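Which chain is which? The protein sequence lines are Z and C, in order. Its first residue numbered 0, the first sequence is counted upward by one per residue in numbering that gives the first Met the number 0. Its first residue numbered 0, the second sequence is counted upward by one per residue in numbering that gives the first Met the number 0.
It is possible that some hints are incorrect.
[Claimed, not checked] Calculated cross-link-like contacts (lysine to aspartate or glutamate; reagent style EDC-like; alpha-carbon spacing at most 20 angstroms):
| # | chain 1 | residue 1 | chain 2 | residue 2 |
| --- | --- | --- | --- | --- |
| 1 | C | 19 | Z | 81 |
| 2 | C | 19 | Z | 74 |
| 3 | Z | 104 | C | 57 |
| 4 | C | 19 | Z | 44 |
| 5 | C | 132 | C | 159 |
| 6 | Z | 104 | C | 22 |
In case anyone wonders, no lab produced these hints; they're calculated from the structure. Given the structure is predicted, the values throughout are model-derived calculations rather than measurements.
Each chain, letter by letter, is given below.
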Amino acid sequence: MAGLSWPRRWPLLAKRIIPCLDIARGRVVKGVKFLGLRDAGDPVEVARRYERDGADEVIFLDITASHERRGTVVELARRTAEVLFIPFTIGGGLRTVADMRAVLKAGCDKISINTAAVERPALICDGARRFGRQCIVVAIDAKRGPKKGQSPCGLPAGRQGTVPFWEVYTHGGRTPTGLDVVAWARRVERLGAGEILLTSMDCDGTKAGYDLALTRAVSTAVSIPVIASGGAGTLAHLYEAFTAGHADAVLAASIFHYRQFTVPQAKRYLHARGVPVRR
Amino acid sequence: MNAVVTIVDYGMGNLRSVQKAFESLGARATVTASPAAVRRARRLVLPGVGAFGDAMRELRRRRLVQPLLERIRAGVPFLGVCLGLQLLFETSEESPGARGLGVLAGRVRKIPRHPATLKVPHIGWNQLEPSPKTDCRFLRGVKRGDFVYFVHSYYAEPVDRAVIAAQTTYGRTFPSVVCAGNVAATQFHPEKSQRVGLTILRNYLDAAC
Chain Z
0 MAGLSWPRRW PLLAKRIIPC LDIARGRVVK GVKFLGLRDA GDPVEVARRY
50 ERDGADEVIF LDITASHERR GTVVELARRT AEVLFIPFTI GGGLRTVADM
100 RAVLKAGCDK ISINTAAVER PALICDGARR FGRQCIVVAI DAKRGPKKGQ
150 SPCGLPAGRQ GTVPFWEVYT HGGRTPTGLD VVAWARRVER LGAGEILLTS
200 MDCDGTKAGY DLALTRAVST AVSIPVIASG GAGTLAHLYE AFTAGHADAV
250 LAASIFHYRQ FTVPQAKRYL HARGVPVRR
Chain C
0 MNAVVTIVDY GMGNLRSVQK AFESLGARAT VTASPAAVRR ARRLVLPGVG
50 AFGDAMRELR RRRLVQPLLE RIRAGVPFLG VCLGLQLLFE TSEESPGARG
100 LGVLAGRVRK IPRHPATLKV PHIGWNQLEP SPKTDCRFLR GVKRGDFVYF
150 VHSYYAEPVD RAVIAAQTTY GRTFPSVVCA GNVAATQFHP EKSQRVGLTI
200 LRNYLDAAC
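So here's chain Z without its partners, still in its complex pose (with noise of 0.2 angstroms):
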């Protein structure tokens, strides 16, 4: 990537990996543009094999509990931490601080949210009071804004010619709020968010890479960190998200769960072209 170089005092913290499990009735799925879903395995026992390997956190997301209103993960959670000595993250469906401290409470070190956040943003709050920042998860579904041309994914950003914008949206994908992404990522830093999945609908399941302009936007517009989430379909792409998008970690699914690539491959990969990487 021409005209990119890291900060000079390069700080030793290690971008992440982050392999997610979305979950459905249990089983490990990966959706396609948030359809469409293939079974993948049981959640606990891929996520050990992702720890295995190397992979830095991972996170769970019950893509069927927010629209279904299913409640909570607090098995998942339960059954996970007897046996994962990394990080791990739970998202989908959790609406109170009471969802959130039962799931936290199982040994899940940080709660995921979306719908809720953006119908009640003060759960941020009261989550990040009660819990501590660095729990809170806000994750945010963005769609870039009606424009002509070609896909943004993968392109460098700032090459896409117009100025981009992206809405939030919620359920899963399938409501628009109007609220504008940037803006929204400022404002959950302000109400105590410690984190932001970024997912790009436009880029994801795609494999063409993930939606870098979006990726940057947020990144260089918050000071928590951002992981990025849609689109990854080889390891440039993850290369790309830290460096163009300025990424703190990177989210992907289907890469890693058909095997295309391995975590220690994209380590390696990352590794040799000067990203730090814990190996």
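Start from chain Z and add chain C according to the hints.
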């Protein structure tokens, strides 16, 4: 190994993963909020995430401060984790006016942020640099450059720099392990730091009473 570890529960944070980590090493680990149980403890672990002032208020409300200080003075192996490290000091910028346990002289300061390059909280895997002079037994088998998992927005600034057993750099260099006699504490989460973290917990279990 059949060491009994007493994990102090004062309503702050994820105690279950600390307990699970010790159990995976073959130790018995009990979680308790009882002052009497703390007074009987052979090994004490003070974990915790959250705000400094809230934590001290909870420790006081549960009448745990005196038992903790007594056991530390009596020489039982003590391990503080994350907020448990910060509470060993006297004050914190996070909660002006709140008094910490004061086992170690010094204060706790906020990590200065810098957009896009230095984000706060400091979340993720960062490297340990053991002090050249340290003889901290908790760091046996830990090498320079080993990665451990951090989640914090504040760091300790000890008056006596000799207590710094390892440091880590994030914008500035801060103590990631402090060690003073029977008292050790990590700013990172050993229970979430896979192999390196479990090594440190095993060293703690091996420490003689």
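(request) Would you mind confirming whether the straight-line C-alpha gap from residue 104 of chain Z to residue 57 of chain C stays at or under 20 angstroms? (result) 17 angstroms, holds
Practice prompt. Could you grab the alpha-carbon distance between residue 104 of chain Z and residue 22 of chain C and see if it respects the 20 angstroms cut-off?
Written response: 17 angstroms, holds
Check the hint pairing residue 19 of chain C with residue 44 of chain Z against an upper bound of 20 angstroms on the C-alpha distance. 17 angstroms, holds
Between residue 19 of chain C and residue 74 of chain Z, does the CA-CA distance stay at or below 20 angstroms?
-> 16 angstroms, holds
**Asked** Are residue 132 of chain C and residue 159 of chain C close enough, with their CA atoms no more than 20 angstroms apart?
**Response** 14 angstroms, holds
* residue 19 of chain C paired with residue 81 of chain Z [C-alpha distance capped at 20 angstroms] -> 6 angstroms, holds
In summary, this structure violates none of the numbered hints.
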